[in-house]
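**Q** Below, each chain spelled out in residue letters.
Protein chains: 2
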Amino acid sequence: MHIRNPRTGQADYTISPPNPAQITDLVNQFRLAQIDWLALGVEGRVEAMQAWKNALERYKEAIIDALTTDTGRRNETLLELDVVLKSIDRWCGIARQFFAPPSQRVSSIPFISIEQDLVPYAVVGVISPWNFPLLLSVIDTIPALLAGCAVVVKPSEVTPRFIRPLLQTIAEVPALAKVFTYLEGAGETGAALVESCDLICFTGSTATGKRVYKQASERFVPVFLELGGKDAALVFEGADLDRASSALLWGSVVNTGQSCLSIERIYVQDTIYEEFVKRLIDKTEEIKLAYPTVSDGHLGPVISDKQVDIINEHLVDAIAKGAILQTGEPGCVKLGGGHYCRPTVLTNVNHSMKVMTDETFGPVMPIMPFRDEDEAIALANGTIYGLSGAVFAGNTEEAIRIARRMQCGAVSINDAALTAIMHEGEKNSFKLSGIGGTRMGPSAIKRFMRQKAYLIKTAGIPSPWWFG
Amino acid sequence: MHIRNPRTGQADYTISPPNPAQITDLVNQFRLAQIDWLALGVEGRVEAMQAWKNALERYKEAIIDALTTDTGRRNETLLELDVVLKSIDRWCGIARQFFAPPSQRVSSIPFISIEQDLVPYAVVGVISPWNFPLLLSVIDTIPALLAGCAVVVKPSEVTPRFIRPLLQTIAEVPALAKVFTYLEGAGETGAALVESCDLICFTGSTATGKRVYKQASERFVPVFLELGGKDAALVFEGADLDRASSALLWGSVVNTGQSCLSIERIYVQDTIYEEFVKRLIDKTEEIKLAYPTVSDGHLGPVISDKQVDIINEHLVDAIAKGAILQTGEPGCVKLGGGHYCRPTVLTNVNHSMKVMTDETFGPVMPIMPFRDEDEAIALANGTIYGLSGAVFAGNTEEAIRIARRMQCGAVSINDAALTAIMHEGEKNSFKLSGIGGTRMGPSAIKRFMRQKAYLIKTAGIPSPWWFG
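Protein chains in written order, with my numbering: chain A, 1 to 468; chain B, 1001 to 1468.
Hints are not guaranteed to be accurate.
Here are the computed distance ranges between Cβ atoms for each label pair [as the list claims (entries may be wrong)]:
1) B/Leu1167 / A/Pro20: 49 to 57 Å
2) A/Pro20 / B/Arg1211: 24 to 32 Å
3) B/Ala1186 / A/Asp374: 39 to 47 Å
4) B/Arg1211 / A/Ile324: 48 to 56 Å
5) A/Asp12 / B/Ser1108: 35 to 43 Å
6) A/Asn19 / B/Glu1373: 33 to 41 Å
7) A/Tyr59 / B/Gly1044: 55 to 63 Å
8) B/Asn1350 / A/Asn54: 50 to 58 Å
9) B/Gln1022 / A/Asn19: 45 to 53 Å
10) B/Arg1211 / A/Asn19: 53 to 61 Å
11) B/Glu1373 / A/Asp12: 56 to 64 Å
What the hints contain is simulated information worked out from the structure, not anything from laboratory work. Predicted model only: the values in this text are computed from it and were never measured. The beta carbon of each residue, even a glycine, is placed where N, CA and C say it ideally should be.
Chain A with its partners taken away, still in its complex shape (with noise of 0.2 Å):
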């Protein structure tokens, strides 16, 4: 299978997918070395976490490097090791506060006393997406690994270069290497880990994810689901116009908008309108292509040449629905191989359009004014997304009580995308933009494990009661 450089487009690098048969052995291989990781305890689980980060930091240099060609761009690379660093850190006090030893409680029944446990699910498959290819293929896997289960990660085949260092760091952890690795793969990779797993969780499309969630159903395994979205920004009258448009470009352009967090469309108070819009073109004609090399200015190819076609279809189609072309360009722009976005704000934009329904997952701004609270909130809800959101008003108590009526599990306040760099919130994905248990947040690690009681009798009260 022969993968396509985001910068040059050539096909540069060859993966050779394990065959469904040997994923099931694999599988079955992992379920048994889990009761060892598990006897491990929390304690050992963080010793060999630890060891593991120790390992990625030896092996940064070519970690990035990697990552670097598969997304074709650098910025956000070091940020993302970074973010990944730091979290295992994270999770690594979460799991040891998170496993207190359990004890005894009295019941309202006297003579029955209750005691808890947690049983991790043995093996969960992990599929991840080439967006933030490291840091979404560890997200789940590290509190998953914490909790007690063996993890096997399929990243997407679209970024799959970083994957042979990471086995390396992987390897120099024996205890870890049993129970923790990657496969290379496209689709049929990942439907086999469905096949076989205890548990899934998938990041991707949310049509990838209905997939998933069908064929998991089949296999009557749980899953967790963590889709698109079409984050709305409302900007109201009061709010800090220059930190507004500047939060707003950052999370709309960042990463040349392909996160799933990412601002895709802004609604503005009409009585601001037009001030926001002037400061945010000015602001967005500062930005600059990483062309022609990867250190050069901010934003990164596009790296999958799908959203290519995604992103310029939108732009088409909004174009002729009379769409004005305020900076930027209509069409991704190719250059030296590679497909690149500049950033684009568009305006006269209306929910006629899929650049204000569909994900674009580009740095494309597209901006509609409106009235009131009323009209706003109609406009960011009206999505069959309910991933994350924006508000920006005159003061705080003011944005959260607007915030508290969108439809999302995150809203960040007088700021854009915090989600990204602020996993402590717990949150759930609304509508179509997930299922399951939050992925962020303490409790994150609990979605890993069922819970089982023990009723214990106390007291000689005889049984059956209500015979005699």
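Could you slot chain B onto chain A? The hints should help.
**A** Showing chain B alone in chain A's frame:
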């Protein structure tokens, strides 16, 4: 649609299920009404639930009469209503504690604080079975209502007579009647609920549960499934055999064995096997059928005539393969139009017999000896189910240690089927016994809500951070 009476065999009751379009309309109407229900706040909802509890007490006699006709038994019916009334108070208390006012907390990033919210699903569909028609129709409904959801319940068409008096109790609480109702109907009505609600709770057979999961995955809505079991009891040398035999008799035959948490298999250490079997047979022979009147004896008829076929099939299969009938009958007996199953003890059984692997759902007690703990655990875990189990041993510590090795969600220690009376332990179903969060314990209420995080930028750190 004509409904059979389990004591007479006569079709003496008729239901008229709504059509799918009516169900869609109802759910849409509830989706709007839920906004007001949520706005009542937890205190307003607690007040409505307490008013409903009072209405249930006023209609107690009519409900008990209907349920007794539905199920052909009276003792368990009295217990059932009592458990339901008590559970309303318990859930009101839990809900009050649960909805503490939100507070902002500081995160590890100094300029971001976090506030959390809980957002209920709008309309929950509950599909419930015939074995405890009232209890299992409200076990998920009460916490869902208190969470702020609207709820539509579709009980089994085998036992629908209690629905009409129950609807009268709901009508007495106007605030509740706008967001809570029961529908008469069979599989088609249940399927229409899955087609229209925002979250599905299903209690019933694993076969139907699998279909519900598939249908929910097609619609991309979450499901909570509580399905079949094949609960094992392990009796070790050192156990109090008098207590163990009484408890296991109760746990096996109560409600004519028609409980998901019935003991379905008994494994006894070989050194005490003969003595245990003797005691169990002696006690079993004291149990009488509740015939000719509902006030006689102990065990009512088998409620569902389809279940009669399954019980008979298991007994015939076991005896054909060498099982010895120690007491009871080789099949259900027909008395006055009803099908009754005498409490039946089988020995010389093994795992080639359906009675040891499939859910019998009757008062049948197959007993098998084991040599040591490892063999006992292998036998107990040798099943596709993982609902609950029981361990009897010389002391509590030993029993808990053994219980930890059982792959199921709850284990009664030195008693049987304690989840029937104790709903405070948090438990998940293992294997094919279910999917989704715990329906018992305080966090059961959380299943009906999505978490939402507000990430609040508290200081004027300029964004975007990585530009310039």
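**Q** Please go over all the hints and tell whether each is borne out by the structure.
**A** Hints, one by one, checked against the model:
1. B/Leu1167 / A/Pro20: 49 to 57 Å: 52 Å, holds
2. A/Pro20 / B/Arg1211: 24 to 32 Å: 26 Å, holds
3. B/Ala1186 / A/Asp374: 39 to 47 Å: 43 Å, holds
4. B/Arg1211 / A/Ile324: 48 to 56 Å: 51 Å, holds
5. A/Asp12 / B/Ser1108: 35 to 43 Å: 40 Å, holds
6. A/Asn19 / B/Glu1373: 33 to 41 Å: Given range 33 to 41 Å: holds, Cβ gap about 40 Å.
7. A/Tyr59 / B/Gly1044: 55 to 63 Å: 57 Å, holds
8. B/Asn1350 / A/Asn54: 50 to 58 Å: Check passed, 52 Å falls within 50 to 58 Å.
9. B/Gln1022 / A/Asn19: 45 to 53 Å: 50 Å, holds
10. B/Arg1211 / A/Asn19: 53 to 61 Å: Distance hint for arginine 1211 of chain B, asparagine 19 of chain A is violated at roughly 31 Å.
11. B/Glu1373 / A/Asp12: 56 to 64 Å: At roughly 58 Å between Cβ atoms, aspartate 12 of chain A and glutamate 1373 of chain B fall inside 56 to 64 Å, so the hint holds.
Of the hints listed earlier, the one the structure fails to meet is number 10.
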